[in-house]
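Asks: Here are the chains, one letter per residue:
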Amino acid sequence: MLPFTVEFRHGVPVFEAVVFAVKKAVASGQLVAGDRFPSVRTLSQGLRINPNTAHKVVASLVAQGLLRVEPGIGTVVAQAPEAHEEQRAALLGAEVERLVVEARNLGLDVRDVLDAVRRQWKELPWKRSSRPKG
Amino acid sequence: MEAVIQTEGLTRRFGRTDAVRGLTLEVPRGSIFAFLGPNGAGKTTTIQMLMNILDPTRGSARVLGTPSAALGPAELARIGYVSESQTLPGWMTVEQLAAFCRPLYATWDDVFCSKLLDDFRLPPGEKIRNLSRGMKVKTALACSLAYRPSLLILDEPFSGLDPVVREELIRGVLEWTDREGWSIFVSSQDVDEVERLADRVGFLESGELVTAEPIEQLQARFRRVEVVLADEGSAAAALPAGVLEVGRAGRTLRYVDTRYSDGASEAAVASLFPAAVARFEPMSLRDIFVALARGRASGRGVRGA
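Keeping their order, the protein sequence lines are chains A and B. Sequential numbering of the first sequence, starting at 1, is according to my numbering. Sequential numbering of the second sequence, starting at 1001, is according to my numbering.
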């Protein structure tokens, strides 16, 4: 059994679906720093996915700093680093732009979008009390 | 790329029909290649040529670096092969078959074999002829995986099996991949089953390879597009190249874009249809497959689709 759930959707690459699921689990507090993360083998067999994909997922999450390899123990969830300036710019810039463009193309109002953002925010209780400075 | 399977212009003629025509593909080592296609597409014929069960009419095939025509006991001991058309000895029990196979393979792993028979819930003392179809496939797979082959070739392993048995088969195969140097070539009509497992996908249709590419690439370039036009008259603009299944109902225009590019495609549609609202939806592997097959059938096959 895995300590998080993955929502596979048609057309969404397996790799993206699993990486997102882990990020969501960390964001919601389902996975916290220090928690053991499943091995590539367990991921592959538990999720019924290609072992190569499972490997890429772990490698990507380690590279992004969400997971850490502890010698002798295995892979664990890492302490969330303070968001780098570039990461914040990337999220608040490009990602939001994408959301706004899609929303406008669908004829949505800015209020619909803000309501939706608020609802999602509430659904994922933010356990960490520290906030980025500035 | 180190290829475990390579074919070059592989062709097989039966009477006046080409069951397989000009097939050229490569399966990289360490990957799962899903060979998809409808009934009669030529998948089994292709696999039989790979395994030297059938001679090609033209062209060539290499498996694990050896020409298929030259596959001998040494190479075959490194290949696991499970096919619908295999006949297992009905008079043997499950454990008699395992015992029979064991001395034939230097790499036979008895512990792994017992585990598989157990995981697959196979009754060791039952005669093979009394087993259900699913159990026969599981028996064949267990005896193939037990000698830890480098390459697994599965010809329609899920055909006619219930979801529980399919789960067991997939689990057994994934257990075997838990070591270095494995590769899988699996043919299937069931596209959904392999969607999560495939690295690469090849679509065979009426003997011809429609496309063979990494699954992520296929998923990235296909989108189902729905455009709601500002008014009924405005669809005069020509659609971009590489589209399939174009349909129109009232102000709604729908098509499959085979050359989607994030950002660029949205911009192109916005300039073709100003004031229209467009949605770009990712497609399941099955829908991509159907779009490609239909595109060819209608003769409006798209170059480079």
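No wet-lab data here; the hints were simulated from the structure. Any given hint could turn out to be false.
Claimed, not checked - Cβ pair distances, simulated, as ranges:
{"id": "1", "chain 1": "A", "residue 1": "V101", "chain 2": "B", "residue 2": "R1294", "range": "29 to 37 Å"}
{"id": "2", "chain 1": "B", "residue 1": "G1022", "chain 2": "A", "residue 2": "A94", "range": "43 to 51 Å"}
{"id": "3", "chain 1": "B", "residue 1": "D1231", "chain 2": "A", "residue 2": "A89", "range": "34 to 42 Å"}
{"id": "4", "chain 1": "B", "residue 1": "Q1086", "chain 2": "A", "residue 2": "A103", "range": "50 to 58 Å"}
{"id": "5", "chain 1": "A", "residue 1": "F20", "chain 2": "B", "residue 2": "D1055", "range": "43 to 51 Å"}
{"id": "6", "chain 1": "B", "residue 1": "N1130", "chain 2": "A", "residue 2": "V12", "range": "39 to 47 Å"}
{"id": "7", "chain 1": "A", "residue 1": "H10", "chain 2": "B", "residue 2": "G1022", "range": "43 to 51 Å"}
{"id": "8", "chain 1": "B", "residue 1": "G1250", "chain 2": "A", "residue 2": "A89", "range": "36 to 44 Å"}
In this text the structure is predicted, and so the values were computed from the model without any measurement. Note that beta-carbon positions come from the ideal geometry of N, C-alpha and C, so glycine has one too.
Asks: Against this structure, judge whether each hint is valid.
Replies: Going down the list of hints, with the structure as the test:
1. V101(A) with R1294(B): 29 to 37 Å: At roughly 31 Å between Cβ atoms, R1294(B) and V101(A) fall inside 29 to 37 Å, so the hint holds.
2. G1022(B) with A94(A): 43 to 51 Å: holds, 44 Å
3. D1231(B) with A89(A): 34 to 42 Å: Distance hint for D1231(B), A89(A) holds at roughly 41 Å.
4. Q1086(B) with A103(A): 50 to 58 Å: holds, 55 Å
5. F20(A) with D1055(B): 43 to 51 Å: Roughly 49 Å apart at Cβ, these two residues keep to the hinted range, so it holds.
6. N1130(B) with V12(A): 39 to 47 Å: With Cβ atoms ~44 Å apart, the hint holds.
7. H10(A) with G1022(B): 43 to 51 Å: Violated: the Cβ-Cβ distance is about 31 Å, outside 43 to 51 Å.
8. G1250(B) with A89(A): 36 to 44 Å: Check passed, 43 Å falls within 36 to 44 Å.
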